[in-house]
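Heads up: the protein sequence lines correspond to chains A and B, in order. Read in our numbering, the first sequence has 253 at position 253, and its numbers run on one by one without any break. Read in our numbering, the second sequence has 86 at position 86, and its numbers run on one by one without any break.
Simulated from the structure, these hints should not be mistaken for lab results. A virtual CB, placed ideally from N, CA and C, is assigned to each residue, including glycine. The hints are all genuine.
No farther apart than 20 Å at their CA atoms in a straight line, the calculated lysine to any residue pairs in the SDA-like style are these:
id, chain 1, residue 1, chain 2, residue 2
1, B, Lys-265, A, Asp-112
2, B, Lys-265, B, Pro-72
3, B, Lys-265, A, Leu-109
4, B, Lys-265, A, Asn-88
5, B, Lys-265, A, His-117
6, B, Lys-265, A, Thr-90
Chain A is faced by these chain B residues, among others (derived, beta-carbon under 10 Å):
id, residue
7, Ala-67
8, Ser-70
9, Arg-127
10, Thr-133
11, Leu-197
12, Thr-213
13, Arg-264
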Amino acid sequence: MKLTIDRLHITLDRQPILRDVTLEADKGDIVGLVGPNGSGKSTLLRAVYRSLRPTRGVVRVGGDDVWALSPRAAARRAAAVLQDSTGNTTGLSVTEIVSLGRSPHHGLLDRDGAEDHRAVAEAIDRCGVRPLADRDFASLSGGERQRVLLARALAQHPELLVLDELTNHLDIRARFELLDLIRATGITTLAVLHDLDLAARLCDRLIVLHEGTVITAGPVLEVLTPAILHDVFGVRAGTDRHPDGVVRITYAAEPLAPKPGARTADASSQR
Amino acid sequence: MMVAISIGAVTVPLGDVWRIVLHHLTGAGPVGDPATDQIVWNFRAPRVVLAALVGAGLAVSGVVLQAVVSNPLADPTVLGFSYGASLGAVLVITATGTALGGLGASTAAFLGALTAGALVFLLGQRRGRLAPTRLVLSGVAVGYVFLSATSFLQLQATPNELRTVMFWMLGSVAGAQWSQLPTVSAVVLTTTVVLTLFGRRLNVLLAGDESATALGVDVNRLRAVLLVLSSLLTGTVIAVAGGIGFVGLMIPHLVRLAIGADHRKLLPVTALLGANYLVIVDLLSRTLNRPNELPLGILTALLGAPFFLWLLRHNKGLDTG
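Extracted from the complex, chain B is given alone in its bound form (with noise of 0.2 Å):
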């Protein structure tokens, strides 16, 4: 992380960035330069930790969705959580022009994840029950839905304001300010936790509906607990990141394939990969280009897909599921 906070448009040294870090942290040391400190302390930092926890928040939902739907194939997108993000983000750009971070697309987005989450939830249920099937294809057909609203007021946008939609789609932590932090993280730390507790249920989950309720899991309340607390933490995470595809998808899956299924250990081992892969990205994202910036949802699939490809050949546990 203080390596991501180093380098970016002007190179800090590593032994800058340590002092200011330090200094702002426990108040001793010199400050330095006070344009270095303002680039290190109020642009770098909050954004490399804000790229941190939202890797985190995207690869833990990731690896609880799939676990509650039963599908591999699962994550915040495919379960409609992104598109109806995207959706509210929209709607108040396009309605107000607001530039990108506003707060009021932020919770605009985070409104419209919980919908989508809400109407998963609410067409997932079969008898009262939560039914894994019905919950992947509602949050399809869901995700369809906000999508083709999200198209249609594109089509109505202004150029400048399409940009800022699209750079918003695809995601980015550039407007990462210290004032978000403490909530984001919050959100993400406590959900996590929670979780990780959850880890045993998690796993008693993978065994089938029948046999977890033989095992003593109420399987209905489980799928509530676990699909209110993923869609809480993906709205928390998107609202701030934007759309960002793969990491949900795919840092799970790469953690099971090094260390197993187990939740007690996937849960916390994937949160820190999902960090520090996105830290990454966001590094790449600010510097490929310099000046200009990419969007990190381009990087995050195009560096990470043919690593995930070349695991996925060296290994054949996938196959016999």
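Just chain A, with the same shape it has in the complex (with noise of 0.2 Å):
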């Protein structure tokens, strides 16, 4: 299904933290969000997951403005897995976990029928947890904590995927363990991703998020300049696409470039 931000502002306690931002996702494309920390890659998230109301601008999932969508309606179109610290889920299993997935499609009185339980079944079998089914979720290490919870988004049967920094904490063979199971989905994804070289892995498209304006989007060669790296993230390096296609980063031997303040003229003229 496919995403469209258009023209969208978002203002928190008068502070501007989105100003102007436009961008698509087609369907079945991996676009990654990139920028240093506070650029306002996760605002832009959760405006898009339906937790956060646009100042202006519209953000459509398969053609809807989605805050003209019911909560409900919303999640069985986008799911997300997310940094959440506020929960506290001390108790429920892993299949639990991933059942949760299934409540955008019931009302109160609605219990939970054969279609919840294949999708639930199929979701944890993709992702690989099956042998974690009956264990209690708050005793899983990181990496399979986070495929559980990619199985609860996909218990939702969306068609769009939105990610949070979900290679966070892992180690490097459970980040490329999940970057496969995301590409093997084929679900429009649109995450937002630290870590660039896994950013150049798995993304079709990058947006460049800076001070809550899009700086570039497009293929990830043509974003990831050094340009671009020495303006927006503040470091000197290069890119290059290797002979078994590839794209990867190269940190120059001093790599701290001027911290970037406000937006040069620079990186302006790259849009």
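Starting from two chains that each stand alone, build the complex the way the hints lay out.
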């Protein structure tokens, strides 16, 4: 399903967080959202999964404004895996966590049906967490948890995946495993990624966000230029496509460039 | 429950209890000795039923409040509801010298609990949203304010009033009458059923606010609805039984340890266990120290806490959260 964000403005406590953000993800695309801390990446995601109402502008998933949909209708289209610290999942098993993904498909009086059990079982198998199915979610390792949360999102049967730092704190193998899993789903994905190397590997296209605005968007190699890395991320580095097709970033021996302050003339010329 | 009805200052054979209860429920069979009938049907039966309803109500509110503020320490006491009820009751008792179980004290306690609930609700908001941490802190603060007002009133009270106040605050179902039961049972049963229907959404709430939003739950509205329902429920049961601690905090954890945290199972099982627990505690409260009665609040914790601590030692699940 197609995701369209059109001239999005978000202001929090009179502080503009996002300004005039426009972006698109076509069906099946994996779009990476990169940018330094505080650039507005997570805020942008919140507008997509309907947690933060835009001050101006529209987020459309599958052609409809998500704020014109009911919360449950929106959650049947877009599923999210987030860095959420406010919950308390003690006592819920892995299967029960994955079953939460079925809740947008049900009203107060509905009970779980065969379709729910099938969706949950499928998501569990797909994410390879069958052996953990009866474990207490709280007892899992970080990598295991992320796979379970991804299974929960898949059980939602979404047409858009919203991922916030899915691979944070995971060991290197777990990271690559998750990337493969996401690619294999074929679902349109909007992912915030801190690790530029991983972003380059996973995404079809990247969007660079800096101080609440889109600096540049496009194929990985066109976006991660030395100029952008210098001006937006404050590092000296080069990128090139290796013969195996993977884009790699090589950081300079002295990687620290001057700290990016307000957007420089140089960076805006890249748009 | 039948056993609990049969035992007391006068022990009635279990067979007689069955016969009397059946007679009143169906109109069939002999009544037997009018004095025994009086004891069983007018004193013990309503008392046992009330104990069950109060136990269920407190335990259910505990489960819901713990989910609403995503804090395992939450219960009607921590959120200030019980202190609000105490202040209401103490105001009436000291002002009028009303005896225990009087309608005035109950009504005032109910209003006190709802006032506390409303205050916590108003103070627990941040940028128009109910924030879990703020809710707990507001509850504790509101509780302290009510508690100090209550303490002040107690200092002014006559020794006789003070005894009534103490007994009320520690909780009792001794004043149970059939006339109270329709209202209390309607509130307890309805809210428990409605809250169980919210079970799936309560589960979603455990995933955290942002994740719950992404799962299609209007978190703020859900919190508001749950807070209203649970303060109504707590207010109702505290109004008739006084401030009984422990049940709302520990019974939910006991059940979680036993069957897990899926609210669709957790809520009904907690209601049943809470009901049974308070029936047993009430039975002990009127038999341990015959013919005197002990307040329920003393026994609930004295009996339950050691068992809970034992269970905690043998279960590692709680530490990993």
